Amino acid sequence: MSVAVDLILDKRTGAGRDALIPILQEVQDAEGFLSKESVAQIGKKLDLPSSKIFGVATFYNQFRFKPLGKNHIQICRGTACHVKGSASIMERLERELGIGADETTGDGVFSLEVVACIGACGLAPVISINGEFYANLESEDVPKILEEYRNKEDVK
Amino acid sequence: MSKMLKFIEDGCCAKCRHTKANPCPDMVTCLADGPICHDDKACVDMMKDYAALMKRDILEKPAIFVGTGTCGIAAGAGATLKAAVEYLEANKIDADIIETGCVGLCSAEPIVDIQVPGQARVSFQKVTPENIEEILTGVLVDSTVMDDAVIGQFGKTWENVPSIDEHPFFKHQTRIVLRNCGIIDPGSVDEYIARGGYKALADTVKNSTPEELCDDIIDSGLRGRGGGGFPTGRKWTFAQQAVADQKYLICNADEGDPGAFMDRAVIEGDPHRLLEGMAIAAYGIGASKAYVYIRAEYPLAIERLKVAIQQAKQYGLIGHNIFDSGMNLEIVIKMGAGAFVCGEETALIHSIEGKRGMPRPRPPFPAISGLFGKPTIINNVETLANLPVVVAEGSDAYKKIGTETSKGTKVFALSGKVERTGLVEVAMGTKIRDIIFEIGGGIPNGKKYKAVQIGGPSGGCIPEQHLDIDIDYESLKTVGAMMGSGGLVVMDEDTCMVDLARFFMDFIQRESCGKCIPCREGTRRMLETLESICRGRKDEKGNDSLERFRSVVYIQRLANTIKDTSLCGLGQTAPNPVLSTLNFFRDEYEDHIYDRKCKAGVCKGLLTFSIDEEKCVGCTACVKKCPVDAIKGAVKSPHYILEDKCIGCGACLTTCKFNAVIKE
Amino acid sequence: MINIEVNGREIEAEKGEMLLAVLRRAGVEIPTLCNIEGLTPTGACRLCVVEIDGMNGLVPSCAYPVAGGMKVQTHSNRAVQARKTIVELLLADHPDDCLYCVRNKNCELQDLAENLGVRQRRYKGARNRKHQDVSSPAIERDPEKCILCGKCVRVCEEIQGVAAIDFSGRGSKTHIATAFDEGMNVSSCIYCGQCIKVCPTGALREQSSVKRVMDAINDPDVVVVAQHAPAISVTIGEAFNMEAGADVSGALTTALRRMKFDRVFDTSFSADLTIMEEGSELVSRITNGGKLPMMTSCSPGWIKYVEQFFPDFIGNLSTCKSPQQMMGAVIKTYFAKREGIDPSKIFSVAIMPCTAKKFEAARPEMANNGNPDIDAVLTTRELIRMIEMRGIDLKDLDPDTADTPFGERSTAGKLFGASGGVMEAAIRSAHYLVTGGEMDELDVQNVRGMEGIKETSVKIGDLELKVAVVNGVGNASKLLKEVREGRKDLHFIEVMTCQGGCVNGGGQPIDTNLDNVRARLKGLYKLDKDSAVRTSHSNESIERLYDEFLGEPLGEKSHHLLHTTYTERDVVK
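Read top to bottom, the protein sequences are chains A, B and C. Residue 99 in my numbering sits at position 101 of the first sequence; the count goes up by one each step and never skips. Residue 333 in my numbering sits at position 314 of the second sequence; the count goes up by one each step and never skips. Residue 272 in my numbering sits at position 280 of the third sequence; the count goes up by one each step and never skips.
A hint or two may mislead.
The calculated DMTMM-like cross-link candidates involving lysine to aspartate or glutamate, where the alpha carbons are at most 20 Å apart (straight line), are [unchecked claim]: (1) A/Lys34 - C/Asp562; (2) B/Lys325 - B/Asp343; (3) B/Lys676 - A/Glu136.
Per the computed footprint, the stretches of chain B lying under chain C, defined by three or more beta-carbons under 8 Å from a beta-carbon of chain C, are [unchecked claim]: (4) 224 to 236; (5) 377 to 388; (6) 664 to 673.
Simulated from the structure, these hints should not be mistaken for lab results. Remember, predicted model here, so these are calculated numbers, not experimental data. Even glycine gets a Cβ: it sits at the ideal position worked out from N, Cα and C.
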């Protein structure tokens, strides 16, 4: 039983099924991912079978069942980004990191996630790392950017 | 506490009937134009002066506006903002710094506006920490405007500085929805009210019945801006007439179309316009609870919306007994969790109910039985943001803008291979050519226009020969496209239309909810067909090439079944990008299928790279760049590429300084 | 009433009725894969699409309410081509192994492909590869054969109230999954098998015991004993073109003998035994202040349901083993001793209309020193397959009688196949146990029928016995919550996991037609009406069993052999 999850659930007395997705979002924010234990806890609170919660959580892109890497790279695959060459950015990221979409590097430093349009189409192609944007990218920029984050890692 | 809030809390003077508990129906008018029930000079001056200050008609000290919408921040506005603050501190200049939303011209970001007392506001583009000092010093200290960075001035006080209205990007626009975006401080409800905000709402609840409001909206000709284009007023009428103890309004801000971002920009730049529109709609249908279903990918928009809702509540603009009319409205934010299909009304409802966002058959329509089984109206952000203007200026004025069947304006997100990218709002009936070549400034780098994709994954593309078509719900359909939510992605000769169709099919089959068979299984097979024709011979095995032809033969039949039988709009329009490109760019498909060539040079499997022995000097630069060791050759003698190993990334081509790499 | 035009013909319909129902009533055949009668249509499969004048696309008839003057084309070229394409799309992601499939010749997808004239693989591409889930002792899942019609999910949730499975993932990655994609064995599945009965393909099936039973039969050292449950004999005839509900008990015995089962017993006998024990337990609980309401324990899906969802009611469950297990226990003790057979040489087979019985037989409580009371459970479907394998046609067989000592039954025991049957049998014997006399009228009409929850009260001596009968385990939770919240008037509750009782069990032939279920029920009540022995306590073989072996109901031997315990179950709920 996670205390953080308890806290999230406690402030929602009388919550019904329509609170499920907001709760899942909050729990994932707090814990980084959705564990079996937290799903069971949520199910108990909302009187919902785990299978239903799992069904809902797997439907939406946002939810994950494994922790993320320390640095969360999101690459936009919107139309404008595609037309402006996001495929080669993606390819470069995959090559540099040695992982594919929705994977985390062995050292846990980077996670790579493909997201639907970020909404910065005017500046395509765009990636975001831990919420910080990198716009008008070319694939040559990728190693530099990754190096920045790797260096931060080394300092720590 | 701002002066407006003080009024809300206490009223203006002893003569004022307004109290927080019993709000005056005219309070918004008083706030913007001075009290109307008495003409005591002190009250008039106080309120008028404050409103003028809020509209920045007058200024007490210099103001610096930094566009910090998501697009601005992505372009580096954060650093610009920081540099501005540091500059003011270092130079001990007392000035306001205001963060605004996006004015629309994304390609010019970061955009900074500067206004000094007595002068017009001037807008600057591409303001970075490197050039901000020069720009600020110019305006604030030397009273000069740095020419090469200027976009234009709002007004005419500066000599030799063009008016922003003359800027080609803005000249052809008719800004209704985007009127305040990038101009006002989205965090200040006072600014919105000073510019006439919430007056439409106040007038409506005071002077019109919900029936009259619905009729008015029907009369205005306003149609849904989210895609379908259903007449907004008519939709409301269904819910308005339904008998129920509870009705709901949902604002669909789940802007899922890749390539559209007007909803985000409106919420980030002018959130109260949306709230006012929602309150008007809620009044029309009789909803006391409203949801904003917004993408979690828009954290800034969510944040600004939260602040706006908080303010509106505090001011009594939403909440209990609005303007003493007896109307109540609670607005709740629901964050989407990432599923394109949730733009579909019934899927969206399921998502709010905490279920998998899978559409259900209609009837029953949501207007009769929607959220929690109650009458529910779902309107998108842009539709709702039109309402304050439609109501304030009247349906007669509104329907003067636009074409016979499509009234008002439409906001487009212009992106892709175009000189100026960003958000543009044009009157219906504007030609697509004008949007791309006048407003957008045409295709950069001297390349040739090929097509524009409109309407996102459900839409189609418009080639050169149809560029003079009017923007209008009906006329777009005649060329196999649709308005959609208004993404306009421009493509030049370097874009492969087969690859584009493949991109959309990939998107759609990943975003299909998986419920109905034609969409789930059909889009997947269509994607495989497109992949197979983009795949090179060397990656084919066994009967792959036979299967390639075979699947192409059946693609039309498959597309028809998907359109004809899918459960929801997503499936019914899923084949459009393929059908549209097949219709206008059949030759490109044939190049891929028969000649196994991608003339645009995009489909890597179909590209071959070789080295011109005459030109190669053996510098080995390409060898070092090749990620797969496919280039061989001794130093200072011509190199060659191993075709089997080459993955077609093109690194050698961009590296070679001697133009020795040939791409075919 | 309104009129609509279908294929040029005028048809009457009720306003607001779904078009599909109207078409079916008018005898127009429209295929569907996802429709379940009585539940809200999901409109997922799109096979029932028809053309309606004035509509743009094709319209799913299952979810489209009729309106006056509507003109419908059900078999226009456009509609038929669309259906065919949809089936072809399903086949593109389906294993090509019909010949090896448990549902060969009994598969809705196969039928559709045939009816629509599919003769080539028009669409080809990557197939979803998924592992089978064979972790459960009762039900196997083969996701590759799943067409995602969602019927299993809906039955599990909306009818049974279990919700062990749901859709997972999205788009072409969608699949049916337990929570966290774990095995069925750790899920909240109660193994009722109702999902199998609605599955249009071979994606769901029972864990088959046919091979183990055949091996035992072919082993000369092993004595193979069969028992068949009350619902079997009124069902199995259907598979051999006999009338639904006809009792073929005699022919069944003959068939089992021909298949070389060494002994054939009737589970209705041990149902009588159950009544003796359970009736006595009820009387004892009422008179000695035991925990009430007492709840029946013969339906293993229900037992698992209580153990995992309502563990606070474990004490209310009757401690009696089910008839299957009582029979198993006396076969390997009394019968073995009587015949001089080493119990370890007996292979005891139970033929059941139920998949959960497989799980019940495997419960550790159901064994004696490691030797299970029941060695294998065959569903009705498996038995039909075995009979067909031997080339036997039940219709041609002369009836035979079951073996002693467990061949005789009362029709009270036979009623165990029907919802309300256990209650009716128990009331008849409880009356006798308490008053020493028979009831004036043995029929207890109020507990019969397919209604979800039935309640009645019966006068037994001075006692007003208040009882409730539940069928469809989803309905039970309503009643349990009432009791939990303080309802105190009930003495006895019968719960059968499946709608209508065992005659509609998860091991019965694949057929969602409730008319057949009703016919089976009718068959059981007809048997009872025509019978000379209508109460369990008047079954002479039962009397003999107590005289010679058990002593008395609730006695020490009974306690050891015929009663059991339950434990709270930790599953992913």
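Handout entry: Given coverage of the segment 664 to 673 of chain B by chain C, checked by CB-CB distance under 8 Å (3 or more)
Key = Our answer is that it is violated, as 0 residues pass the Cβ test (under 8 Å) against chain C, missing three.
Problem - Within 8 Å of chain C (C-beta), three or more residues of the segment 224 to 236 of chain B - result: Since three or more residues must qualify, the claim that chain C covers the segment 224 to 236 of chain B is violated, with 0 doing so at under 8 Å.
Exercise for the section: Verify the proposed pairing of B/Lys325 with B/Asp343, using a straight-line Cα cut of 20 Å. Expected result: violated (24 Å)
Handout entry: Straight-line alpha-carbon gap B/Lys676 to A/Glu136, limit 20 Å
Key = holds (18 Å)
Handout entry: A/Lys34 paired with C/Asp562 [C-alpha distance capped at 20 Å]
Key = holds (14 Å)
Practice task
Examine the segment 377 to 388 of chain B: at least three residues should have C-beta closer than 8 Å to a C-beta of chain C.
Solution key: holds (count 4)
Of the numbered hints listed earlier, those contradicted by the structure are 2, 4 and 6.
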